[in-house]
Amino acid sequence: MTELAVARGALDRGRLLRLAQQYGVYAGVAALLLFNFAFTPHFASAENFRTQAVQVAPVLIVALGMALAIGTEGVDLSVGSVMALATSLLSLYLGYGPWVAALVAVVGGVLVGLANGALVAFVGVQPIVATLALMVAARGLALVLLPQLKDVRDPGMSALGSGDVLGVPYLVLIAAALALLVAFVVRRSTFGRQLLAIGDSRPAARLAGLPVRRVLIVVYVCSGALAAVAGVLATARLTASDPTSLGTLMELSAITAVVVGGTPLSGGRVRIGGTVAGAVLIQLLTTTLVKHDLPPSWTQMAQAVVIVAAVYAARERGKR
Amino acid sequence: MTTGTTEAGMPADTVHLDADEQGGPGRAERLSALAQQHGALVTLLLAMVVASLSFDTFLTGDNLENMALSSAFLAVVALGMTFVIVTGGIDLSVGSLFALGGVLAAWGSQYGTAVALLLPLAVCGLIGLVNGLLIARSGLAPFIVTLAAMLGARGILLAVTDEGSRTYLVDKDSFFATLGQGSLLGIGVPVWITVALFVLGAVVLRRSRFGQYVYAVGGNEDAAALMGAPVARTKIAVYTLSGLYAGLAGALNAAWLVSGVTILGSGMELEAISAVVIGGTLLTGGFGFVSGSLVGVLLLKVIQNVINQIGSLDSAYQQVVSGAFLAVVVVAQTWLGHRRRML
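As given, the protein sequences belong to chains E and C, one line each in that order.
So that you can map any letter, position 261 of the first sequence is 261 in this note's numbering, and since no number is skipped, the others follow by simple counting.
So that you can map any letter, position 139 of the second sequence is 139 in this note's numbering, and since no number is skipped, the others follow by simple counting.
It should be emphasised that the hints constitute simulated quantities derived from the structure, not laboratory data.
For glycine and all other residues, C-beta sits at the position ideal for the given N, C-alpha and C.
From the derived model, a few chain E residues whose C-beta atoms are all more than 10 Å from chain C:
1. Tyr-26
2. Leu-34
3. Pro-41
4. Val-168
5. Leu-210
Partial chain C-side listing against chain E, Cβ under 7 Å, derived:
6. Ala-141
7. Ile-144
8. Gly-155
9. Gln-319
10. Val-320
11. Val-331
12. Thr-334
Using the sequences and the accompanying hints, generate a full structural model.
Here it is as structure tokens:
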């Protein structure tokens with residue numbers, strides 16, 4: 001009798017923990033929203049929500065690629081530098097029109113992703129180190145191509161950065177479309193299945209005859225391409241190319257969004273909905289602190305605490 | 001000396017191969033180990049010969065002294081990183097801790113040298129301790145914990161300096177300033193301190209029980225635990241050490257610059273990791289040596305110096321070269337060192 005009760009108590013606690021891991025991020029977003037509705041003046045306005053959504057879009061797009069990389073038990077530290085490279089390429093090729101320039105920028109991201117993927121898949125380098133090398137090199141390359149900040153004066157670009165459809169900015173639409181696309185790929189496509197199988201156990205996936213190397217390369221190419229898209233969109237919004245500072249610490253924000261969203265660092269699971277909510281949570285947290293006049297130092301410390309707490313909460317599931 | 005490392009680094013594999021198939025594979029193993037250990041040193045000597053032949057200004061006393069001084073601070077950080085990487089971990093917080101250590105030292109120098117040294121050591125050591133506890137006791141991934149610490153430490157730095165707008169100055173005539181600016185026998189004090197720390201670090205890693213535990217934990221954590229090595233305590237110790245070294249390097253740097261510059265240290269963790277890896281330490285853990293990291297730091301600084309001397313080249317090229325160089329070294333290491341592990 002007592003044993004049964006104890007067992008049920010343990011089960012309930014286990015289930016509670018699992019619920020917290022899976023839906024904690026949504027609860028966090030809801031709590032922050034409620035707090036802001038109650039205590040932050042001028043929070044509940046369409047203008048504010050637009051601003052928040054536009055700010056979160058680039059982080060979200062980068063986080064989507066990061067979620068794929070983390071799903072294979074890897075990580076992509078080069079995303080911030082890829083954004084910088086994309087903005088440099090964009091402003092260099094803007095003379096050929098915004099579409100060509102954006103295409104060149106994305107191709108740059110694809111090439112960096114290809115290098116990452118080749119190092120990880122064919123040479124067998126750890127993802128942290130491979131993408132670290134590309135992180136240093138790509139930032140350097142971006143600065144070599146465009147040594148300092150440059151204004152981007154192009155009607156097409158500024159339309160992309162500040163235009164909207166029925167009140168929803170293009171940036172947000174693009175981010176939402178990409179999130180849906182990635183969620184579909186992860187859940188419904190063969191590629192998504194293969195990706196998760198590789199993240200679960202690479203040797204088992206290889207023995208099962210999956211194209212491990214090809215999938216890994218495609219994952220890092222996707223991550224690079226998505227980061228480049230984020231770089232293009234961020235440039236369009238700022239109407240300036242700043243290869244020195246664009247995308248610095250972006251890898252950290254993206255990893256935070258993915259981890260807070262409930263994707264384990266040990267691979268084998270990808271939660272796109274959670275990643276979106278994770279990116280929103282970080283954005284809301286920053287906004288809340290800023291709107292209540294707390295200095296940036298607090299934001300950074302709060303973000304550090306959130307990361308550790310999220311990873312700590314996810315650790316049981318990660319081990320299983 | 002060399003055999004000591006090899007034995008400690010990869011005991012099981014080497015012995016197994018040698019006993020199993022004598023001759024060929026054993027020799028290949030030894031050759032690849034040799035290339036791993038001395039590849040960086042040979043490259044450094046080559047780079048220095050080429051540089052001194054190409055630029056008259058390279059082999060002058062001033063230039064060498066500048067290079068030694070600017071290497072010293074990175075070298076101290078890389079020393080702590082070596083211990084962490086040999087256990088199979090990584091510490092991304094060192095850049096922020098370096099900056100934080102410098103600011104705290106500069107602030108503390110108004111209360112005397114003891115405070116200026118002890119305050120950064122205490123704070124940075126504490127952050128390293130927290131890293132170690134989270135990694136060892138809670139089993140969290142090192143890179144994410146130290147990434148968070150990097151952010152947190154940067155936050156503390158901003159909080160201490162009015163959001164980065166205040167720069168604390170060190171009194172030029174104080175004893176603390178001579179720790180950075182003074183020189184002994186024509187060589188700067190930071191260089192002497194660095195050399196002393198490296199000798200100490202090499203002895204500890206090679207000859208002490210703690211050093212053997214560090215190798216054991218990095219080689220195979222489960223096996224180390226079964227052998228009775230205090231795995232958790234060793235891990236906590238290396239992250240604490242890494243924090244202490246980063247704080248000390250920051251303090252010395254502040255003494256050298258006679259101010260606590262707030263914007264320092266970003267990207268330093270990458271430089272330190274690059275130096276350690278270029279020096280031949282394996283990122284998978286269990287194999288590595290302190291002297292290699294020193295060579296790695298010097299090699300990075302020589303590359304930097306050469307690129308600075310070629311006036312027409314942008315300093316951004318240095319990042320491209322460092323990144324490409326790191327990639328080449330890692331690829332070479334993977335092919336040389338653990339071809340057998342991948343199979």
